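*Asks:* In the working numbering, the protein residues as written are 1 to 131.
Some hints could be false.
To be verified - Straight-line C-alpha distance at most 27 angstroms; calculated DSSO-like pairs for lysine-lysine:
1. K2 / K85
2. K85 / K104
3. K25 / K2
4. K88 / K109
5. K61 / K51
6. K2 / K33
7. K25 / K51
8. K109 / K85
9. K25 / K52
10. K33 / K61
11. K33 / K104
12. K33 / K109
13. K104 / K2
14. K104 / K25
15. K25 / K61
As the list claims (entries may be wrong) - Ranges between beta-carbon positions, derived for each pair:
16. G121 / I67: 21 to 29 angstroms
17. I72 / Y93: 19 to 27 angstroms
18. S46 / F80: 17 to 25 angstroms
FYI, nobody ran anything at the bench for these hints, they're computed from the structure. All values derive from a computational prediction rather than experimental measurement. Beta carbons: idealized from backbone N, C-alpha and C, even for Gly.
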Amino acid sequence: MKVFADSNIIIAVLTEEDERFTEAKRLLNSDHKIITSMLNLMEVRSVLSKKKNLEREEIEKAEQDIIEFSDIVIPDSSDFLEANKIQKDSYTYPLDSLIMALAKNSGAKLASFDTEMIQNGAESPGEILGR
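Throw the hints in and build the complete structure from the sequences for me.
*Replies:* Written out as structure tokens, the structure is:
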């Protein structure tokens, strides 16, 4: 199955973040085909530099790891049109709507720890893995 990894899944693994780490790592190490987007890659870069204060070399290594273990999708006009429909129905944040659209248009389940995204169809790593 294809699984679209939201930024918080990747960040949990890269930073070995609290109780999320184990579940996120199991998902990323599973047999599922992992995809994410250029937007998620950019968000991970920002979080690692601004919130986690990692050095550039560490961030670039993390980016390379992400590129190696996942397929990176880039939004196109159809993704923005779908995101607009999602946002109009749910009033989720615009970028979250775009991430949901990218997952949907890629034929992937969206994995996230974000409560609002889960309320709108995403699943936690544990749900995807069957706990």
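*Asks:* If you check each hint against the structure, which ones fail?
*Replies:* none
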